[in-house]
Each structure stands twice: as C-alpha cells, then as structure tokens.
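*Asks:* For the record, the sequence lines run as chains A and B. Here the first sequence is numbered in numbering that gives the first Met the number 0, starting from 0 and rising by one per residue. Here the second sequence is numbered in numbering that gives the first Met the number 0, starting from 0 and rising by one per residue.
Because the hints were derived from the structure by calculation, they are not lab data. Please read all numbers here as calculations on a predicted model, not as lab measurements. Check before you lean on any hint, since a few could be wrong.
[What the hints assert, rightly or not] Pairs of lysine-lysine residues, derived as DSS-like cross-links and limited to a Cα-Cα distance of at most 25 Å, are as follows:
1) B:Lys328 <-> A:Lys280
2) B:Lys490 <-> B:Lys476
3) B:Lys476 <-> A:Lys280
4) B:Lys386 <-> B:Lys246
5) B:Lys201 <-> B:Lys231
6) B:Lys476 <-> B:Lys501
7) B:Lys368 <-> A:Lys280
8) B:Lys490 <-> B:Lys247
9) B:Lys386 <-> B:Lys328
As a plain string of letters, each chain reads:
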Amino acid sequence: MDRNTTEMQAAQMPDPKNASKRGGKGGSGGKVFQTLLIPVLSIFTGLVFGAIVIAGTDASVIAAYGNFFRAPGTALLDTWNTIALAYGSLFVGAFGSPTAVVQGIQAYLATGDQKALLMAIYPVTESLAAVTPYILAGLAVAVGFKCGLFNIGAEGQFGIGALCSAFVGYSIKGLPWFVHLPLALLAGAAGGAIWGAIPGYLKAVTGAHEVVNTIMMNYISFSLGDWLLNGPMKAPGYRPLTPVIQDSAMLPRFFPPPLRFNWGFVLALVIAFLVYWFLFKTTLGMEIRAVGANPDGARYAGMSVVRNFVLAMTLSGALAGLAGATQVLGIDHWVGQNFSSGYGFDSIAIALLGQSHPFGVVLAAGLWGFLRSGATNMQSMAGVPLDVISIIQGLVVIFVAAPAMIRWVYHIRLARAEAIVLTRGWGK
Amino acid sequence: MPAVLELRGITKSFPGVRANDGIDLMVEKGEIHALLGENGAGKTTLMNILYGLYKPDAGQVFIQGQEVSIHGPSDAIAHGIGMVHQHFMLIPVMTATENVMLGIEPTRNGIFLDKVRVAKRIREISEQYDLAVDPQAYIGDLPVGSQQRVEIIKVLYREADILILDEPTAVLTPQEVEGLFKVLRSLIAHGKSVIFITHKLKEVMAVADHITVLRGGRVVGTVTPAEATPEKLAAMMVGREVNLVVKKKPAEPKEVVLDVKDLCVQDEHKHMTVDGVSFDVHAGEVLGVAGVQGNGQTELVYALTGLLPIDSGEICIVNELVRHTTPRKILERGVAHIPEDRQRHGLILSFPVHDNMVLCTYYQPPFAKGVSLQQDVIIENAEKLVKQFDVRTPNVFVPVSTLSGGNQQKVIVAREFSRPIKLLIASQPTRGLDVGSIEYIHGRIIEKRDEGTAVLLVSPELDEIIALSDRIAVMYKGQIVEIVASAEVSKEYIGLLMAGVKPAEARKASPTSTKATEVERVF
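This is chain A alone, in the form it adopts within the complex:
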C-alpha cells in the first residue's frame, strides 16, 4: 500500500518547480517546502485513512480478521491485497496502465497503428480533461478568498456560464472558429460574472452577506436552468437538453475520438498564470488582497473596499462561468439537467487545499481530477465504491483546514508564520 500511496502522491503533486515561483523575490526552497508540507501530508494521511476504510468495508478482509488468531498471516495479506488492488486500479484508472502504454508504443512503431496507443493513454487524457473545470472553478473561489469573500455560488455561476456558452455555441451559425469559439468562451465568462457580481454588489451596497446571497443565487440558477432546458433552450426530442453546439464553437481536441482531452486544459493553465499575475503583480490585485486581509487598513490607505468586493465577486464569477464554458465547449458539447452538479462545491475544497494560491489551486485541481477519474476504474476493477474517493477528499480538506491535527500527528513544529485568513466572520 505504501508503495502505491507514495507513487500516487509523487504523481499528483508533480511539480514543485511550478510552486517555487510563488515565493517570488523573497522565496526560497524552505518556504516552498513549508507551504507544501501540510497539504502533502494531508493528502498522504487522507489516503491512509482511505485505505483503512477500503480494508474495513471489504467482506473478505472482515472474514479473515474473524480468524485472526488462527491465521494472522492470511488476515494481513488479505488486507494488503485489498488495498493494493483498490489503489492499483485507482492509479491505472487515472494514469493508464504502464504496460499498455509500452505495448501501444511498440504496436505504433511496428505497424503504424495508433489505436492501441490511444487506448492506452485514454485514462490519463480523460483525467487531464477532468482537471480543467476544477482548475478554473478552484481559481474562482480562490479569488474570492483573497478578497475575504466566501463565494459559495461557484456552482450556480458554473451552470449559468455553461448555459450562456452553449447558447452562443448552438444558436449562432456560420462564424469562423476563431470568432465563434472566443465569443462562446466570453459568453460563459460574462454569464458567470453577472451571476457573481449581483451578490458582490448587494454586499457592497447593503452589506448583505455574500454567503447567503450566493447560496440563493445558486437556487435561482438551478431553477432557471431547469426552465431553460425544458423550454426556450430545449432541443427537439423528449429529453431536457440543449442542441449540440456548432463545430466552430468547440474547443479543439488533441486526439481523435473517443479521447476528449482538449485546448481547454491549456487555457486553464494560462488563466491560472494570469490570475497569479493579476493578484500578485498588479495594483488591482494588491487592492483585492489588502481588502481581504484588512478592510480597515485598505480604507485607510485610500482603497475603495466596496469597489473591490464587486470586482472580486465579478472576477470570481467570470472564472466559474469560464469553467462551465470549457466543460461544454470542450467535453460535452451540450448542456443537460443537473449539469454543474458538484463542480462549484468541489472548487471550495480545491481552493482550500490550494491555499488560495493560483499554483496551489492547479495542483489541488490535479489531485481532484485524477482521483475522480481513477475512481470509476477502482469501482469496476476492485469493487470499491466511488464514495471512498469522496471520503478521502473530505478528509484531505479537513486536514488542510485543521493543520494543527497534521502537525500533531507528524510532530511538526509550528513555524512562526501568520495563519492565512481566508474569510472573516459574520457581521462586520
């Protein structure tokens, strides 16, 4: 189990180089290590707990422990095998089987037939495709956190963004792709931006708490989506779906079908970098962070707190809307009912795990996408229910949110650093 776990970790937190940029001028290897230590240990601990759950719910393992005193070896071996099978198939589901990849390459070199190779890389491309919306939605919540706002409305903004981009995607015909695709993406971002700006504006003007209002906006978006899919935007037929979007609005895919990996992923990485630049290298980003860290201090320094609330919520909504757009334009090509289910809420966890830093969000989104994508294989190969992944993800978030637990378990001394203030409490 240990081998698998460490492999998983190594594979899913693959890019410390990326994160090393966050230190900026003052950063050093030590700082990056400090920043990554808690999340990495949280993931590890989450996987260990996940292993216990997997073993503890497996009928044969339980039976073997009934005979523990007669045959302790059998029980331990059974435990090991169960966990290894589960995490092994999770790994294969997320990354593909290494042997299949090697065979695929051999077949391609020998015969020039790509089919085996494409099938071998199918899992890893599917994982990357799954990562895309997580990155963008995670960035959305992270931008809110940076301004001291808790955007619970990413779910609704995601859905509205998807609907807007789908509408532009199927209703406008005859445009060249280099006009149509950006237009559809922008429509998604704009839809999400409006959906985020409304609670931001309400907070700025009336002081209404954004948590309440974004939740309400979620409900409105769900119902609005239901109505649109059953009425104005419904494609001919019985099911509540939009029509398929025009080819010119689709995010180009890298490989022939059924591989769905597309340029959306690259777009998400570029956006992550832009968000990083915006937050840390521009005056506007500095204002957002200052308002998030200390609104009184920001006001003293001449910044407009309310304007930054609106700006951050608009930006946050735009990112969530863009997440929905990439999902529609790159993967699904239409919108169906319960389309956004879960992305918006997962994105809160991703922003937390990524410590609200754009690069951290990319890494966290990677973990989420690969776990989700591998889980299906784990269910079919090892018979371990998908929900185990939710348990692992939940535990990881708990550990990240309560770092004292991790420090205690691993006897890590608290470095003298300020805790990150994500959001301020209710009221003032």
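Place chain B on chain A using the hints.
*Replies:* Chain B in isolation, oriented as in the chain A frame:
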C-alpha cells in the same frame, strides 16, 4: 521567612529567540514588585510561564519556599497565583457577578446558581480592598477602570495571594490610574503580593517597592525607587543612555495648512462626537490636541482623513475645501496619517514589509506602471527606508506581523514620512511603544516640523502633548475648550481643562506657568 515567590534560572526559547534566559526573581510578601522592560524583553513570557501557559525549558518556581510545578492556569490558581490580563477576559453581556463566578459557579441544591452568595462575597471583597463595583452591573455598561476592578475581584474571589497585572495602566485614564494605584496599595496592606508589569517609568517610580528590569530576556538588575531615577531605569531598559528631554527650537510658523471651521461629526451611533470645532495648523508648528480618550479626538482625526463623513462645517487643506471626498484624495493632497490603531488601520499585517511601505502610493509611479506593480522598485524602496528609519527586521519580505510593536510603528512612520507631505496627522504615535522607540519617533516628528510640515498631534498622554506641541488645543466632550501656546501654561492647567473645568476657573486654580521651551518627557 521565605519569599512568597521565587523564580530561579527560568529559561524559555522560541524558534529563533531566547525569550527568557536564566531569570531569577524574588517577590516578598506584601510588596508591589514591578517588572520593567521594553516590549519583547520577556516580561509577558515570564509571567505566562508562572501562570502555567508556557512550559519553561529550564528553571524552578518556589512558592513560600516550596518548589512547585505549574502545568496550567488551574495549577497556578491552586497555588494562589492570579492574573489580570492586559486585554480583559470578561463577557460584556453578563453582570459583574456572573463574570466573577464563571468557571466556579456555586449552586444551591446542586442545580441552581447561587448568585446571591457570590454577590455578597463580591461586596465583602470590594469593601475590604476599596474596589468599588456594583455586582449587578453589566460589564458592557461599565467604564474600563471598573472593568479592571472586576478582573481584580475575579482573581481575589479565587483566593489569590500573588496578583500578576500585565500592563494594567495601558487602557486607563490618568484618574483611573490613580484609582488603580490606591487599590494596589490596599492589596499589599492586606498581605497580598503584586507583580506589576509595565514599561512606564513614571508608574513604577510611583507605586513599586522593588523594580526588576528585564532586557533581551535577562535580568539587568533589581532596584528600589529610592535608589533609582527615571534616567537610570531608562538606561537599564534600553541598554544605553536615553534622552528624556525633547530638544526643540522655538517654532517658526508659516502659512496655514489646515483650517477647520465649525466642524461637526457624528460617530457610528449618530452621536455628535465632534461638536463645532474650529482651529488651524500652520506650516512649521505642532498643534497638540489634548483630552481624555473618548472626547471626540478619534472622530476628529477620522473626519480630517476622510474615514468618517462630515456632518457640517468646513475642512480646508492647503487652501482647498475637503468635503465628500475619499481618503485617497486627501492623502494625495499631501496629508500623512499615523493612525491611532496601527494594526487595524496602519498596516496590512499579513503583507510583507515592502508592500506595507507603499500602502498609500503603490499605484503611483515609480511603484507602478499602469496596473503593473514594479516589484524591484518597491523592494528597493523598502530596503532604503528600513535602513534610513532603523526598522529592525530580518529582511523586507517577512510579514509585518512578525515585527515588534515599535518596529511596526517605524514602518508606518517611514512610509508616511517618505512621501512629500504638507500636513502630518499623528494620532497617539507612541501608544504602547518602548522608551527607545518613543525617543526616536518624537525626534522624527520634530524634524518634520522643522522642515516646514504642519503637524497635528493627538494624544491622551499629556506629557507627550506638552513635550512636542507649540500650541495646545484641549478637547472636552467634542468641543475645543481653549487653544493656548504651550510655553504659557502649566501641565496642571491643561489637566484641569481636560477634566472639564472652565478656563477662567482653571486659571484661578492654577495660575503658574512654566515658560519652558524644553519640557521633560516622562514615560
């Protein structure tokens, strides 16, 4: 007879700092023992060890000659040690009685709270020690001085023999400080012992029986007030000679920079806290606003800096009317503001030092080109200012929260003084700072004055006002009672005005004037 409390060789390290380094301390029964030291000298750490909040790395604690080990506040209380924290641990929506009984609630028949018994005991304690408190009053309705008395009663109710008071005077008005000293004297008269933590020289000279001075985690020495002088104590605290006198030339006032006419300001609760105030400040002079805290000074400063809207009246900064405008517009007119609450207003604590150094100018060239921040320029600027203003920080990249209070204040002073300013509004610029930092910041303010900046100084510390100001405006209940030249009046006279006495009567009561250009600054 053994000492009531003895500490031997207490040592405590935190990552990177040795907060306490082999500290010995002996407290006799029935004495007030002052623990004097600058911020960061290790006073609070030592007391937290004594109260069981920290575990020492080495050292022993003896109470009445018996070695004890204290693992938490409950152990400390069991050994008769009580602590009155700097920030009160009271619940405002509960009565004094309820706050006192909290944690050790006595009951009737096992379930009903016996408030009557507690209230009776509180009355006994308040009579015995001269601690006037109404047991039925809600904490939220009490003035700060009374809240502190409730804290002391809380400790006495738990039968403490040794009382630790952490910076107890920081939140009190001068009159309340006097009241507190009376209480302390009555406590020791009844055989209690008091450890009094402070960095104010005046107070230890007034009240302590023994003074132990800490510096950099070590004991510098223990003296009695009789053998000490403020100069000597200051030198022991800081480790070098300290100039207790502000040296300044007579002011050379020039044109009017700030002109305020009939200003009225309402606070958040719609109270008229500034009520028809008029004054002006000239370039090259310091106008001091004296007054007991809560007489409208805070709101006056907020109105001048755009943080609170003006109700009526006029504010003119450099011949331009300032009304319905944003804080930024005011800053851009050449106004610098050292805010009263540096952590709430003056700094973004989680931001690095270099960003805090450009908090008001980050959007202007050369710190920004368009929206793009020029990181290199910002860092260079910070490094220059850190050197110039002697900010003690490992580098400019650490969060400003990791700096001591004095160095945080220096960051603000450096930032505000480094841009071209015509008017400096300094609100309690040395609140909570140690001797060394106070000396430094006072020097810088006078330097700015001599460069031709108009300075509005607001402070409840009368000594600070008298030491720095050329003219003094006394505020009482939202109004300016009188504006006088500081060379023409005595401290007593200002004190009477601050207490609400009419100028004519105050003049009769205190006709003396000191006529001094150099006034001793007592900390």
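*Asks:* Would the hint linking B:Lys490 and B:Lys247 be met if the CA-CA limit is 25 Å?
*Replies:* holds, 18 Å
*Asks:* Can you confirm whether the C-alpha distance between B:Lys476 and A:Lys280 stays at or below 25 Å?
*Replies:* violated, 47 Å
*Asks:* Next pair to validate is B:Lys476 with B:Lys501; report whether the Cα-Cα distance is within 25 Å.
*Replies:* With Cα atoms ~13 Å apart, B:Lys476 and B:Lys501 stay inside 25 Å; holds.
*Asks:* Does B:Lys201 pair with B:Lys231 here, judged by a C-alpha cut-off of 25 Å?
*Replies:* Since the Cα atoms of B:Lys201 and B:Lys231 sit roughly 12 Å apart, the hinted pair holds (cutoff 25 Å).
*Asks:* Hinted pair, alpha-carbon criterion (25 Å max): B:Lys368, A:Lys280. Please report holds or violated.
*Replies:* holds, 11 Å
*Asks:* Assess, step by step, whether the Cα of B:Lys328 is no farther than 25 Å from the Cα of A:Lys280, and give holds or violated.
*Replies:* Within the cut-off at roughly 24 Å; holds.
*Asks:* For B:Lys490 and B:Lys476, compute the direct alpha-carbon distance and say whether it is at most 25 Å.
*Replies:* Cα-Cα ~20 Å, so holds.
*Asks:* Has the given pair, B:Lys386 with B:Lys328, been kept, meaning a C-alpha gap of at most 25 Å?
*Replies:* Violated - the C-alpha atoms of B:Lys328 and B:Lys386 are around 30 Å apart, more than 25 Å.
*Asks:* Are B:Lys386 and B:Lys246 close enough, with their CA atoms no more than 25 Å apart?
*Replies:* holds, 24 Å
Of the numbered hints listed earlier, those contradicted by the structure are 3, 9.
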